[in-house]
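Protein chains in written order, with the working numbering: chain A, 1 to 320; chain B, 1 to 373.
Some clues are possibly wrong.
Claimed, not checked - Residues from chain A that face chain B, not an exhaustive set, calculated with beta carbons under 10 Å:
(1) 62
(2) 63
(3) 66
(4) 95
(5) 154
(6) 264
(7) 265
(8) 266
(9) 270
(10) 271
(11) 283
(12) 301
Quick caveat, the hints were computed from the structure, so don't treat them as lab data. In this text, all values refer to a predicted model and were calculated from it rather than measured experimentally. Ideal placement from N, C-alpha and C gives every residue a C-beta, glycine not left out.
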Amino acid sequence: MSDPFLAPNTEPAPEEIELRAAEAGQDYEVQLESLNQWQLAWRKFRKHRLAIVGLAILIVLIAAAIFGPILSPFVFNEIPRPDKAVYAGRPPSLNHPFGETGGLQRDVLQLVVNGARTSLIIGFSSMAIGVLIGTVVGALAGYLGGFIDNILMRIVDVMLSLPLLFVILVASQFFGNGNVLLIIIIFGVFSWMGIARLVRSLFLSIREREFVEAAKAVGVRDRRIIFRHILPNAISPIVVSASLIVAGNIIGEAFVSFLGFGVNPIYPTWGNVLSNALTFIPVGNWWWPLFPGLAIIMTVLAVNFIGDGLRDALDPRSRA
Amino acid sequence: MTKYVIRRVIQAIPVLFGITIVVYMILLAAPGGPTARFANNPRVTLEDREHFKKAWGLDQPIPVQYCRWLGACNPDVDEKVLGIFPSPAALIGPNGWPNILPEAISGGSNGVLHGDFGVSVDSGEPVGPRIIRAALPTFILVSFALVIWIGIAILIGVYAAVRRYSLFDQVATVFAYVGYAMPTFWLGIMLIFFFSGPGLNILPAGGMTTTRISPPFGSNEYWVYFGHKPFEALIDIGRHLILPVFTLVVVNIAGDSRFIRASMLEALSQDYVRTAKAKGLPGRSVTFKHALRNALLPVVTNIGLEIPFLFTGAIVTETIFSWPGIGKLTIDATRAFDYPTLMGLLLITSILVVFANLVADVTYAFVDPRIKF
Numbered sequence: 001m002s003d004p005f006l007a008p009n010t011e012p013a014p015e016e017i018e019l020r021a022a023e024a025g026q027d028y029e030v031q032l033e034s035l036n037q038w039q040l041a042w043r044k045f046r047k048h049r050l051a052i053v054g055l056a057i058l059i060v061l062i063a064a065a066i067f068g069p070i071l072s073p074f075v076f077n078e079i080p081r082p083d084k085a086v087y088a089g090r091p092p093s094l095n096h097p098f099g100e101t102g103g104l105q106r107d108v109l110q111l112v113v114n115g116a117r118t119s120l121i122i123g124f125s126s127m128a129i130g131v132l133i134g135t136v137v138g139a140l141a142g143y144l145g146g147f148i149d150n151i152l153m154r155i156v157d158v159m160l161s162l163p164l165l166f167v168i169l170v171a172s173q174f175f176g177n178g179n180v181l182l183i184i185i186i187f188g189v190f191s192w193m194g195i196a197r198l199v200r201s202l203f204l205s206i207r208e209r210e211f212v213e214a215a216k217a218v219g220v221r222d223r224r225i226i227f228r229h230i231l232p233n234a235i236s237p238i239v240v241s242a243s244l245i246v247a248g249n250i251i252g253e254a255f256v257s258f259l260g261f262g263v264n265p266i267y268p269t270w271g272n273v274l275s276n277a278l279t280f281i282p283v284g285n286w287w288w289p290l291f292p293g294l295a296i297i298m299t300v301l302a303v304n305f306i307g308d309g310l311r312d313a314l315d316p317r318s319r320a
Numbered sequence: 001m002t003k004y005v006i007r008r009v010i011q012a013i014p015v016l017f018g019i020t021i022v023v024y025m026i027l028l029a030a031p032g033g034p035t036a037r038f039a040n041n042p043r044v045t046l047e048d049r050e051h052f053k054k055a056w057g058l059d060q061p062i063p064v065q066y067c068r069w070l071g072a073c074n075p076d077v078d079e080k081v082l083g084i085f086p087s088p089a090a091l092i093g094p095n096g097w098p099n100i101l102p103e104a105i106s107g108g109s110n111g112v113l114h115g116d117f118g119v120s121v122d123s124g125e126p127v128g129p130r131i132i133r134a135a136l137p138t139f140i141l142v143s144f145a146l147v148i149w150i151g152i153a154i155l156i157g158v159y160a161a162v163r164r165y166s167l168f169d170q171v172a173t174v175f176a177y178v179g180y181a182m183p184t185f186w187l188g189i190m191l192i193f194f195f196s197g198p199g200l201n202i203l204p205a206g207g208m209t210t211t212r213i214s215p216p217f218g219s220n221e222y223w224v225y226f227g228h229k230p231f232e233a234l235i236d237i238g239r240h241l242i243l244p245v246f247t248l249v250v251v252n253i254a255g256d257s258r259f260i261r262a263s264m265l266e267a268l269s270q271d272y273v274r275t276a277k278a279k280g281l282p283g284r285s286v287t288f289k290h291a292l293r294n295a296l297l298p299v300v301t302n303i304g305l306e307i308p309f310l311f312t313g314a315i316v317t318e319t320i321f322s323w324p325g326i327g328k329l330t331i332d333a334t335r336a337f338d339y340p341t342l343m344g345l346l347l348i349t350s351i352l353v354v355f356a357n358l359v360a361d362v363t364y365a366f367v368d369p370r371i372k373f
């Protein structure tokens, strides 16, 4: 509520806005509101300290993933020729801030930076696939209802009863071939069920709202109602749970690749650069497993913080 | 109540059916299929392979194979409907009873529905006994971990909720975030470094028993040894348990303590808690008698839902610490493309999940009088 004595009301009267909009022939209300919603969300997001920290960490990691391999003095495909052969690898020093791996004595920092590329790409792309499938399935089930809803939700039930880590492990071994693209698809195909349930429940409630009824009454086609009228109202919970999928898939991929069923080591990820680390534990190499693990923890923390921030920011009931 | 239970059981049937289809897809997906093991054997000719396929019914259309794999179809009946589906006549066993009944009655073949999971491609043993043998170590590991982590998670969650926004609550929140973000396998590696690495070296890095002093766990020799020196054997297993149990506890406390905190906060904000406080009851009695009891309702169901996932959730921990349980069997079977074992494991765990869901829903409905059927 603005105080008329403190700030002169410079906004045009509502009738005038309506008149102008009618002249311009545009749907003014929707545009105004959608613009405000995102600005408001950003304002609320900025106030969430942890979310900003998370965003900063993620930006740094993405920058490292993009520019790191270009700036690094080491070439990934080359076997290093260390000036001194040490079986366990040398601990962190100025030349190798994260130390060297055991055996081949590769630079751990270089592995972490190169791994960031693949790990982040896998985390985000598989999330995109999962969200896409989940949204379409959930939207169809929630909007159409009836028989299709029943079938789709039983499929979701079946897939949620499977131990997913197990299935992903087996699928990666049987079809993965160590190929990054195939691993992305496998993780994407097994991460849509939560989103589908969420979107379905949102659609079930939004479907009954007046503006959908109005759209139907004026003869808008189903596809347009789903994508232009209902979906924009369901975006915020989808975004929040998408952040959780990114975190889960990064950890999952690291585990599968660590065991050697995931991505081929010629494309380093935070998981597969660790696959031999256990062998060098008895000779005292702790820095090799430490840093890729910290990278995973930082990324997952950052993504979770951002998710928390988005949850608060996109919730219309929370105040800025 | 009975009606509700029956309805839930009926709802579970299509899900179970779907699970068998998904599990069967593993067989279809296995590279090279069932004849892959002959690929590198020069003494098996192409004709031999064709003969093998015919003898085992692998030349049949997929729905017929699936039906026989379930044990619902009699493999001696060759009739088909529409060329690919098994005919109704195939559902009857040689004795005139439905083939789906146990072998003793129907006289037909057994299948997955009868608990016959076939023979491991890798070791040549029957899959069922192999899984049962691996289940005991997993059960030991998981039950210890479960008791400890639920206990600690309840303590942390309740205390954090009662002293909301206190220093303890904030520290617990940070630990929960980090614990949630920490990959289990990485925690395991770091623990092995600290406690069995060159520095400290006070705990074994893996396995279930010390190879030097005892036979492998589960073998007949082991039980003889166990009979001779029970205390020594128990202490040995106990020492091997510490690190994997600690790993499972740390990783799982994170999520559960948050869940319990949220549930407790919800209970503490209820009207009856305020009423009890207003009546002048001591704070402790309100917290434990009024709030905690109600807060534990969702926790109990949540634990019920977690139990079946433990068997696969321990995959990571068991692999790192070479614990000879279900998780390690899974990894070994995956590595060897041992699809019969994988199918058995997947089927059993998925059925456990469905069953746990059912039990959790029913108990929840049973303990919460507000739920109407």
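Hints, verified against the model:
| no. | hint | verdict |
| --- | --- | --- |
| 1 | 62 | violated, 18 Å |
| 2 | 63 | violated, 20 Å |
| 3 | 66 | violated, 23 Å |
| 4 | 95 | violated, 23 Å |
| 5 | 154 | holds, 5 Å |
| 6 | 264 | violated, 16 Å |
| 7 | 265 | violated, 16 Å |
| 8 | 266 | violated, 20 Å |
| 9 | 270 | holds, 9 Å |
| 10 | 271 | holds, 8 Å |
| 11 | 283 | holds, 7 Å |
| 12 | 301 | holds, 5 Å |
Checked against the numbered hints given earlier, this structure breaks hints 1, 2, 3, 4, 6, 7 and 8; the rest are met.
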